[in-house]
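> In order, the protein sequences belong to chains X and S. For the first sequence, this note's numbering gives the first residue as 1, with consecutive numbering after it. For the second sequence, this note's numbering gives the first residue as 1, with consecutive numbering after it.
Hints should not be assumed to be uniformly reliable.
Derived list of chain S stretches under chain X, where covered just means 3 residues or more per stretch with a C-beta under 8 Å from a C-beta of chain X [what the hints assert, rightly or not]:
id: 1; stretch: 33-42
id: 2; stretch: 50-60
Far from chain S, by Cβ distances over 12 Å, these chain X residues were calculated [what the hints assert, rightly or not]:
id: 3; residue: Met1
id: 4; residue: Val88
id: 5; residue: Leu94
id: 6; residue: Leu110
id: 7; residue: Phe118
id: 8; residue: Arg125
id: 9; residue: Gly128
id: 10; residue: Glu129
id: 11; residue: His135
id: 12; residue: Met139
Since the hints were derived computationally from the structure, they do not count as laboratory data. The C-beta atom is built at its ideal place from N, Cα and C for all residues, glycine as well.
Chain residues, written in single-letter form:
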Amino acid sequence: MVKVIVYPPTSTILADLVDRMGHEPLVIANEIRKKIDTPSLESPPLNITPEDPKKGLKYAAVDVPSGVRGRMSLIGPMIDEAEAAIIVEDNNCLVGCTGCARTNELTRLLIKIKGIPFIELKYPRDDGEARRFVHEIRMFLEGLK
Amino acid sequence: MIRIAQLSCGAEYSGIQSELERAAEIVGAKMISPEVSLDDVMDVERRFGVSVPSGDLNLIMARATRLVQNPELADAVFIATCFRCAEGAIVRGEVRRYIHEHSRLPVLSYSFTERTTAETLLTRMEALVTTARMRGLLARERQTGLTAGIDSGSTTTKAVIMRDNQIIGTGWVPTTEVIKSAEEAFQQALQESGVKREEIQGIGVTGYGRFLVGKHFDAKLVQEEITVNSKGAVFLANAQKGPATVIDIGGMDNKAISVQDGVPGSFTMGGICAGASGRFLELTARRLGVNITDLGKLALKGSYKNVPMNSYCIVFGTQSLVNSLSKGARPEDVAMAACHSVAEQVFEQQLQEVEVKQPVIMVGGTSLIEGLPRAMEDLLGIDVIVPSHAQYIGAVGAALLVSGMLEV
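My request is simple: use the sequences and hints to build the entire structure.
Printed below as a string of structure tokens:
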């Protein structure tokens with residue numbers, strides 16, 4: 001079983017594909033769940049505190065906006081942990097954890113330079129593309145040890 | 001309860017969402033998010049005129065469009081994006097302009113970091129809520145009866161006595177102990193007006209020390225300086241109808257307010273460094289060995305082009321000051337360079353956050369340093385008005401507004 005980070009890290013469809021192929025998907029929902037389930041934190045709705053953008057300094061310099069660093073405090077540890085990655089480009093509308101284009105660029109960059117196996121695909125626009133999309137991901141996941 | 005529509009990107013991930021909500025709660029408001037559909041966000045290019053790579057910024061534009069179409073959804077708007085985000089700054093400016101032009105909703109624009117706290121936002125939020133809640137009072141154009149206004153500022157404390165729309169007494173003292181200084185300024189104003197304390201029908205207070213001073217004087221009006229100063233400015237400049245822009249460079253911070261018919265529309269308040277405030281000019285005057293009241297006249301004889309200076313940070317600004325003097329720069333050039341540097345920062349940081357519409361009115365004690373309005377005129381390319389009694393603007397605004405409360 002390999003730990004696979006998916007991009008966008010909010011994609012439940014990609015996470016499900018990874019899970020079905022017997023690997024562990026690394027998705028942001030799990031990181032958020034950890035935050036929300038942590039007792040004694042009181043910074044709703046996500047329980048992200050001003051300390052989190054400081055943790056994000058590991059991935060981005062202090063002159064990078066706090067929103068990027070705060071997001072990176074969630075996504076960065078997932079990239080650290082990842083052993084493989086699936087990157088899907090041209091997503092229609094990303095908001096929330098993936099609502100910042102700069103964070104998304106940094107996420108893709110850090111995944112690509114990590115030296116782990118990754119597959120990069122375009123978001124499918126029709127039924128035929130969707131079938132090829134799933135097939136390519138399945139082949140990639142089957143090839144992971 | 002005043003409803004403030006929050007149009008923001010990055011607030012939750014900066015860990016400051018709870019601070020925004022706390023600031024709103026303190027001033028009797030709540031943050032709301034106008035609902036939009038996915039189609040609204042996808043359609044933002046056609047409806048708003050542009051779309052950007054960041055989805056959360058497109059969401060801001062979709063929400064702005066919804067607010068313009070349904071202004072009854074909120075009483076005021078708070079637009080905020082991350083500090084140092086270029087994409088966010090462009091969208092923030094455009095959304096502010098769009099709402100300002102297409103609705104009557106008051107707008108506050110702000111860029112935050114993870115260090116932003118409820119306390120940092122309090123004066124701004126208070127002004128936003130006041131503008132939404134007290135529109136009728138803010139539309140007041142004449143002072144009636146016998147009222148007093150006290151402006152307890154960070155550097156100086158000012159007081160005025162007004163009777164039937166005229167200023168009949170003024171007081172101005174450096175702020176030391178907040179209440180003591182307020183008492184002194186008030187006494188000066190009473191003495192000049194020949195009015196007895198017990199004759200005053202109502203007192204309005206503003207400025208940093210307003211809560212303490214308000215309690216001491218049992219003031220009928222205790223109000224932040226953004227709304228009060230803009231009211232005082234348009235009153236003294238006789239610009240109560242139509243648009244106006246008020247610039248107030250204070251001892252510790254500065255404010256830029258876009259006013260329509262005497263009511264603040266959009267505004268911003270800065271104060272990243274004392275280098276962009278009257279404090280730097282005070283320091284310059286001391287270093288040049290001149291009185292602060294003579295610095296402006298000296299500056300008018302010089303040219304900023306002869307002295308490189310950037311007071312973005314007061315420490316570096318002082319360094320430039322010392323270096324240029326040691327290289328033999330003329331004091332008048334240094335004085336003008338200091339004025340230009342402060343004006344340039346307000347121009348770059350604050351005036352980009354509001355709609356600059358004529359007349360531009362400069363107020364506060366710093367507006368009397370002649371080099372400063374001159375530098376602002378150069379930067380804006382338009383004439384700047386410095387009304388009489390410009391240094392008493394907050395006190396005048398407070399005396400004017402409190403007179404409206406006497407009739408309630």
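> Against each hint, give a clear statement of whether it holds in the structure.
Hints versus structure:
no. : hint   : verdict
1   : 33-42  : holds (count 3)
2   : 50-60  : holds (count 8)
3   : Met1   : holds, 30 Å
4   : Val88  : holds, 15 Å
5   : Leu94  : violated, 4 Å
6   : Leu110 : holds, 17 Å
7   : Phe118 : holds, 21 Å
8   : Arg125 : holds, 14 Å
9   : Gly128 : holds, 23 Å
10  : Glu129 : holds, 19 Å
11  : His135 : holds, 28 Å
12  : Met139 : holds, 30 Å
When each numbered hint is compared with the structure, a violation occurs for hint 5 only.
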